[in-house]
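K.L.:
Letter by letter, the chains look like this.
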Amino acid sequence: EAGVAQSPRYKIIEKRQSVAFWCNPISGHATLYWYQQILGQGPKLLIQFQNNGVVDDSQLPKDRFSAERLKGVDSTLKIQPAKLEDSAVYLCASSLAAVVQETQYFGPGTRLLVL
Amino acid sequence: AQKVTQAQTEISVVEKEDVTLDCVYETRDTTYYLFWYKQPPSGELVFLIRRNSFDEQNEISGRYSWNFQKSTSSFNFTITASQVVDSAVYFCGLNAGKSTFGDGTTLTVKP
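So the protein sequences, as listed, match chains A and B.
For the first sequence, my numbering assigns the number 2 to the initial residue and increments by one for each residue that follows.
For the second sequence, my numbering assigns the number 1265 to the initial residue and increments by one for each residue that follows.
Take the hints with a grain of salt, since some may be wrong.
Output of the computed footprint for chain B on chain A, the stretches with three or more beta carbons under 8 Å from beta carbons of chain B [as the list claims (entries may be wrong)]:
| # | stretch |
| --- | --- |
| 1 | 13 to 22 |
| 2 | 45 to 51 |
For lysine-lysine, the following DSBU-like pairs were computed, each having C-alpha atoms within a straight-line distance of at most 35 Å [unchecked claim]:
| # | chain 1 | residue 1 | chain 2 | residue 2 |
| --- | --- | --- | --- | --- |
| 3 | A | K84 | B | K1334 |
| 4 | B | K1280 | A | K16 |
| 5 | B | K1267 | A | K12 |
| 6 | A | K79 | B | K1302 |
| 7 | A | K45 | A | K84 |
| 8 | A | K45 | B | K1302 |
| 9 | A | K45 | B | K1267 |
| 10 | A | K72 | B | K1334 |
| 11 | A | K63 | B | K1280 |
| 12 | B | K1302 | B | K1334 |
| 13 | A | K79 | A | K16 |
| 14 | B | K1374 | A | K63 |
| 15 | A | K84 | A | K12 |
| 16 | A | K45 | B | K1362 |
| 17 | B | K1280 | B | K1302 |
| 18 | B | K1362 | B | K1302 |
| 19 | B | K1280 | A | K45 |
| 20 | B | K1280 | B | K1267 |
| 21 | A | K45 | A | K16 |
| 22 | A | K84 | A | K72 |
| 23 | B | K1267 | A | K79 |
| 24 | A | K72 | B | K1362 |
| 25 | B | K1302 | A | K72 |
| 26 | B | K1302 | A | K63 |
| 27 | A | K12 | B | K1374 |
| 28 | B | K1374 | A | K79 |
| 29 | B | K1302 | A | K12 |
| 30 | A | K63 | B | K1362 |
| 31 | A | K12 | B | K1280 |
| 32 | A | K16 | B | K1334 |
| 33 | A | K79 | A | K12 |
| 34 | B | K1374 | A | K16 |
| 35 | B | K1374 | A | K84 |
| 36 | A | K72 | B | K1280 |
| 37 | B | K1334 | B | K1267 |
| 38 | A | K63 | A | K16 |
| 39 | A | K84 | B | K1362 |
By construction, these hints were calculated from the structure, which means they are not laboratory data.
Keep in mind that this is a model prediction, so the values were computed, not measured.
All C-beta atoms, glycine included, are put in the ideal place defined by N, C-alpha and C.
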């Protein structure tokens, strides 16, 4: 079974530019998560989707970050405009359902460097 | 609010030593899950274990064991007879509706 796919793996941009990340979850997984992992810290949840609806986006900086999951499968996360402090690894995860006992499976992440 | 604390930032051991990674959590919820992930140098988070708040039985899986103590709000992870391949960052976390991760413990196992 294929795991969670993410692209690109690496991205370098200058501040104030825009960037987008793509995630394809494990087939059949209804719930998709985006996390931000700053160097030396644990992952921080940005947004959680159940199918194509948002379950939790309380920690998403909505003035610059946006995410969508239009058909309940793939998802994109966008940053516009980027700031230096957005340099981090952006992790996508998926689970069968949005219940606390479900295991989240993570993709390899996209490493973003903002100069 | 939920909080997970991994007080040990870095641990270094020599191969074959036993090592325990500490995890302390805070939550007001009575139903929650605790978990551990491993993040090797490649960067991908690998699931290790999940435990629900009503099950305080210790668990052993090969060289790995976990000790859950609700009285001290701890969920510690022990690796017995450590190996170089165990070198990674280990994250403890809590899910009571939303996942919260600790900041990780970097384990280095030297040959």
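K.L.:
Does the structure break any of the earlier hints, and which numbers would those be?
P.N.:
Checked against the structure, the hints that fail are numbers 1, 3, 4, 10, 11, 14, 28, 31, 32, 34, 35 and 36, while the rest are satisfied.
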